[in-house]
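Q: Protein chains in written order, with the numbering used here: chain A, 1 to 306; chain B, 1001 to 1315.
Be aware that a few hints might be false.
Okay, derived cross-link-like pairs now, DSS-like style, lysine-lysine, Cα gap no bigger than 30 Å in a straight line [said to hold, decoys possible]:
hint, chain 1, residue 1, chain 2, residue 2
1, B, 1217, B, 1143
2, B, 1275, A, 94
3, B, 1202, B, 1143
4, B, 1202, B, 1217
5, A, 158, B, 1275
6, B, 1203, B, 1143
Since the hints were derived computationally from the structure, they do not count as laboratory data.
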Amino acid sequence: MTRFILSRALQIVVVLWVIITATFFMIRFVPGGPFTAEKAVTPEVLRNLEAHYGLDQPLWRQYLDYMGKLVLHGDLGPSFKYASRSVNEIIADKLPVSLELGGLSLGIALALGLPLGVVAAVRRNRFADYLCSSVAMIGICVPTFVLGPLFVLFFAIKLGWVNASGWYGPTDRVLPALTLGLVYAAYIARLTRGGMLEVLGQDYIRTAQAKGASAARILRVHALRGGLLPVVSFLGPAIAGILTGSFVIETIFQIPGLGREFVQSAFNRDYTLVLGTVILYATLIVTLNLAVDLAQVWLNPRRKFE
Amino acid sequence: MKPTNATTPQSAPTAGSAARAPQPTGELPHNEAAAHSLWRDAWRRLAKNKLAVFGGGALLLLTLACLFGPLFSAYTYEAQDLDLGASAPSAAHWLGTDTLGRDLLVRLLVGGRISLGVGLCATLVALTIGVVYGAVAGFFGGKLDALMMRVVDIMYALPFTIFVILLMVFFGRNIVLLFVAIGAVEWLTMARIVRDQILSLKKMEFIEAAHALGLSKRRIIFRHMIPNALGPIIVYTTLTIPAVMLLEAFLSFLGLGVQPPLSSWGVLIKDGAEKMEEFWWLLFFPGALFSVTLFSLNFLGDGLRDALDSRSAKD
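Same shape as in the complex, but just chain A:
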């Protein structure tokens, strides 16, 4: 167990190093720089700006500086676009918003998807199954960037129940979290249905039935644990998807989160901010994947730690 975690942690470090290095050099070999868009910058000013941010140094020097600061102090450097703000500050500012949106969406996805999937599996090939499965299919085939604007049009503009955009009161959370959550609820429902059907067909379920256990008890004690395995392994990609999916949601609902900031920073060629966000997302996703792996082993003792 400890060995497994240690070896995976080591692997995470290597993966992160590769991501950071690849991103660092990729964005430097791209035409255009952080200051090319600014109007009428004289060559002297440009030189001064570059000297200020250390861009006049050779690339390997910049890379070593960056890595040194990152590893020793967790310092992601100054932003090139927002004068006098550090990337750490910007992230500390925007990340909580994205995390709240993601957390709410994931909650909605699980709260809706799991029951729908279980009901569909238990009432297999009956009306309830068809209903749940169709709803799930709709959720999969109507993407967030269609659903979101439609929600805004209907609930915000036509009915006036909530604001069309912004991120102030609790009601502003409803539409964005619902939009993002529904898609993943659909996937989770489908996976739950599949997983439950597989488990419900197993011998040990029949044994439990033969011993007279109630349907509810069989479901709760015997079936759910195995039936949820596919869902747990989906949670890794799902969390990654919810994190990146928030780019679109934050754009639609004009939410001041990290996703929108990331896309903006890429357009702005704000090297340090791009790099900082990529590092953050990568760390989150890779760590969460490890957590998912651990949860899988916990749920399914037969699967050994590799």
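Assemble chain B onto chain A, guided by the hints.
A: Positioned in the frame of chain A, the structure of chain B alone reads:
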């Protein structure tokens, strides 16, 4: 991809090919007949699945409409009618016009060419990489396999969407780059599926026979193993296309898709979402068409899985 395209000893032993046949199928004659009807069986099962037939029919219709529809229209996708401006659906413009007075129906059909085209091309890229990678890993096995699958595991954990976004921002909205980038992201699952198939095929007698006959490794992989793994490959391909189209539309929605005056469905949805308050049809029709396409592809893919993949057909 029609099942009949798979001209392997197993799948299409017509009378002629059976006669000229010292092919190392390694199977008994009556098995060959059974294998022959595998595709026909699958076809029959598929034809019985109403949703899958509906999906396939809708896709065919849609593709034909996108390819040939614009030729029969009085309007072109770029012709503006600024006097008209945005108009609701009418007899002249069935789905209305956008703010520049361009006919929405024609724009949707032409945009469909791009969306479907990107979907197909990117899937082909993913298919090629995934099949070759998975086949090599599965065939050679051992340390190479462990290493290659470890790489896939690690790549699964990477935030690829972020890289695709960076690529599109930095290297411009180049359509070739777009589908190469998307394809390069979507090949991982295909590699796993093919590798598992190859691993189980490796133990089959007809592959041993092929080795015994001294066929080259390349020939064994590409002529004898991959054709036999075709079922799951076809199924997963059908399910990759909607995933790819979603990613393309996602990028377009962020403003990273194709450039005007060309448009894809993602671009049209983005434009529609910006103007939906006054002109609902600009969002509604592109969104509906896109969703119907995804529906059809998913239904067809599910149907194919039930028909072709006997192991998961139980569900």
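Q: Are the hints correct? Go through all of them and say.
A: Hint by hint, here is what the structure shows:
no. : hint            : in the structure
1   : 1217/B x 1143/B : holds (18 Å)
2   : 1275/B x 94/A   : holds (28 Å)
3   : 1202/B x 1143/B : holds (16 Å)
4   : 1202/B x 1217/B : holds (12 Å)
5   : 158/A x 1275/B  : holds (14 Å)
6   : 1203/B x 1143/B : holds (18 Å)
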